[in-house]
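Engineer: Protein chains in written order, with our numbering: chain A, 1 to 491; chain B, 1 to 491.
Check before you lean on any hint, since a few could be wrong.
Intra- or inter-copy, both count: the list cannot distinguish identical chains.
[Stated by the list, open to error] Restricting the straight-line Cα-Cα distance to at most 25 Å, the calculated cross-link-like pairs of lysine-lysine (DSS-like) are:
(1) K163 to K459
(2) K282 to K26
(3) K225 to K459
(4) K26 to K421
(5) K224 to K407
(6) K163 to K463
(7) K459 to K306
(8) K459 to K224
(9) K301 to K388
Calculated from the structure, these hints are not laboratory results.
2 protein chains.
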Amino acid sequence: MSESGNSRVSKKITAEFKPVNIEERKRHSNVSQMYWARQGKITEEMLRVAAREELEPELIRSEVARGRMIIPANINHTSLEPMCIGIAAKCKINANIGNSAVSSNVAEECEKLNRAVRLGADTVMDLSTGGDIDLIRTVLIKQSPIPLGTVPIYQALQEVGGKPEDLTIKAMLEVIERQARQGVDYMTIHAGVLQEYVPLVRDRLTGIVSRGGSMMARWCVAHKKQNFLYEHFDDICEIFKHYDVSFSLGDGMRPGSLHDASDEAQFAELKTLGELTSRAWKHDIQVMIEGPGHIPMDQIKLQIEKEMALCHEAPFYTLGPVVTDIAPGYDHITSAIGAAMIGWYGASLLCYVTPKEHLGLPNPDDVRQGVVAYKIAAHAADVARGRKGARQRDDEISKARFKFDWKRQFELALDPETAQKMHDETLPQADFKETNYCSMCGPQFCSMNMSQDLTHLGKECQKQRAEKRCDEPGEKTSNIEKGEDDAVKNI
Amino acid sequence: MSESGNSRVSKKITAEFKPVNIEERKRHSNVSQMYWARQGKITEEMLRVAAREELEPELIRSEVARGRMIIPANINHTSLEPMCIGIAAKCKINANIGNSAVSSNVAEECEKLNRAVRLGADTVMDLSTGGDIDLIRTVLIKQSPIPLGTVPIYQALQEVGGKPEDLTIKAMLEVIERQARQGVDYMTIHAGVLQEYVPLVRDRLTGIVSRGGSMMARWCVAHKKQNFLYEHFDDICEIFKHYDVSFSLGDGMRPGSLHDASDEAQFAELKTLGELTSRAWKHDIQVMIEGPGHIPMDQIKLQIEKEMALCHEAPFYTLGPVVTDIAPGYDHITSAIGAAMIGWYGASLLCYVTPKEHLGLPNPDDVRQGVVAYKIAAHAADVARGRKGARQRDDEISKARFKFDWKRQFELALDPETAQKMHDETLPQADFKETNYCSMCGPQFCSMNMSQDLTHLGKECQKQRAEKRCDEPGEKTSNIEKGEDDAVKNI
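Isolated chain A, as found in the complex (with noise of 0.2 Å):
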């Protein structure tokens, strides 16, 4: 893209510009993004992501014309506040949620979504197994302003009958053509798990960890055929082409463990769904990849140079990676530390891990510590990136920090919530809300308040409190911090 056609389009934008809307692309066969970015048309969701990127729309259509960036809005998703996934754009994150037949229920999967779109999840997973799943669904999307996603092989396995063996492209097809037509965003489609790739976990310590690619696997052992999914997946293109639903194509084959990854198994699906991108895009179909997993440390560069060497850079979706497997319970610290990782190298979407990972169903408060994980490790990315913004909002909580502004930083705070509490916890009266210290150091060993008149910004700020001191003679301060004032006054 020249930097003169960059500013054209942009003044056009500013001045009488008109994005294609969802009417307009309703009277054609194809509805996707990718479809009318290649016509060199900037849609109305095009616009609506430049701005909240603060991209330049031009990059927006370009970048998803190319596959490099996925918008995924259904348009059948009337509650959508349409974003993007890509690499040009700010790291995201994705949030699983969704009962199992042991547990939860519509209400609790609805507490789960509320609470991972007010922390800050980019897009949600509903990977319902259990119970109404139509009914849960319907719901959901109803009431999500972010995609939703699925794994539409969950509710064809049970609409079979529970038997993998039992389940058939007609089948799919069926789930998938009325999950779209419900208005999920993207779908994970394990395409990739050949029948000639099975054989090829044999020596796994954890075999196939993902659901769907040990479904597939089974089909195919059972049937000595080729995946249906993989003969299939123009079908599933054509289904996709009139909703605008995306492909998260399936990582089947991901390590479940360290001693697993970076196999055979799992390069060779990821081979086949490189090869799968260029079909998709063939029908100008938006794809992003799914990837591990359990990836040690020193794996995790590897993992994305293969993806984006493989695939042709369509958008890395990863899961984690967990870096080690000997912390059950703690799994989103294990993972946040592989996907902040993965993020800085370059995935654009990082699903959470939650602490139950390994153990049990998430419950919404495990929903708020996979969410929060994860939110750090896309803004570490993006910092680390030097992603356009991120950096602000660091600074800014520093400044309320060394300034003592103690609102102001639990504002700012991923959790307000969890921060404040965890200040009030030992000095919860609001008088402690205005003193230069906390209950770490107590006043007499804070180091900022001793460094204070060291900075710039640290005499400015002495300087406010001592105008807002004249100003307000009703507002004294507690004499604690008198106390402290007298020491500064004392340097």
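Following the hints, complete the assembly by docking chain B onto the known chain A.
Structural biologist: Structure of chain B alone, referenced to chain A:
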């Protein structure tokens, strides 16, 4: 070290080898491990450390002699089980405990110590700044099987009445001597905060965030004189050699925000710490170097490269680093990311950060959160560096996971109690410790269950389960599990 040399030493050690014991060391003017290592002697402590690390005693000796490893072991800390800190050994973690003037007491500090030790902390620092500091410290040292470090300037400040300007070298040496006699294994000394470095912080957002650093800066500014710890560094060395106290050369100028990372003030001090390292080594005193703090991911590698180059490869002891400032309440996570990475790059000791950082004094549960997050970081670093034996635990727990051996999985977890509690939250009955699934996926959707017979390990495991069932007809499995077994037979 040649291989033949290596095996010669090993042979000696397994046969009639007698290491230098503490009584022999006490008859000399310098009892430090480094002094004896440089005499070519292997001490009892080196031998025990070698056994713990599964390394050759001669390697331990040579690394200690070279200054790339320390064994912090004050001769008066009699309850100590010697350990080492250095790049040739496993990555270690430190837990900070201690009260502040606002919060905590002796009993609570002991609880924090015990919890930290139980969860695997390798060293502990008593950072008490309020109440009867001598009492807390002597109680903690008596109880602690791990090295205990302090920051003696805190007590010195308390004893001169709380004003940094009133600190003197006499007061400091008195406190250092007393703490050394009590058995403190390593001490943070902020001798690198030189007078001429203080103006370098003027454009920082968060000034000086090291408590000792800000005290020394204020002292220098008030007296217009050079840091007295720098001027009298050799006097400190004289005390240290009588007890074998190790230096933890304090990073008084570490950044307290991403904005201030890697700035001139930080690296100017680091260069001085390198100079002080050489001075300490002339006295055969062991040294490690403290490091930051707040560092974005893309600058973490630079930290260790600078430290190694400027400080002659003395072990690097970092505080995190946190990789973003925006998550107060979750800084055990923001910092575990940085800690894992810097551990992988070569840091030897990772000082934990708890969820309470920036908000208040940690309580015993915060200590748990911090220790576990850092055990994760250190272990992930060991795995990524390929340290001997590190990956074994990951492989064992992965096997247990694939075999649905829940009890073994809990046993091998970093925090067994939490892992089991989370599992039992949805499936508490004893039966469910034997089932081939958890509440995350339920029986029908467990991927590992579905892919068991695709791997050698899975087949072996199925055989064992079948045999067990034949042997023990009384121990019938639950109905749910029977349903599953039918499914497996149907493959």
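Engineer: Run every hint past the structure and note whether it holds.
Structural biologist: Structure-based check of all given hints:
1. K163 to K459: Between copies, since 20 Å is at most 25 Å while 71 Å is not.
2. K282 to K26: This pair counts as within: shortest intra-copy Cα distance 20 Å, inter-copy 80 Å.
3. K225 to K459: Between. Shortest inter-copy distance 22 Å satisfies the 25 Å Cα cut-off; intra-copy 74 Å does not.
4. K26 to K421: Answer is neither: 49 Å inside a copy and 52 Å across each miss the 25 Å cutoff.
5. K224 to K407: Neither: 64 Å inside a copy, 37 Å across copies.
6. K163 to K463: between (73 Å within a copy, 22 Å between copies)
7. K459 to K306: Answer is neither; intra-copy 51 Å and inter-copy 32 Å both fail.
8. K459 to K224: between (76 Å within a copy, 20 Å between copies)
9. K301 to K388: Both: 23 Å inside a chain and 22 Å across chains, each within 25 Å.
When held up to the earlier numbered hints, the structure conflicts with 4, 5 and 7 and fits the remainder.
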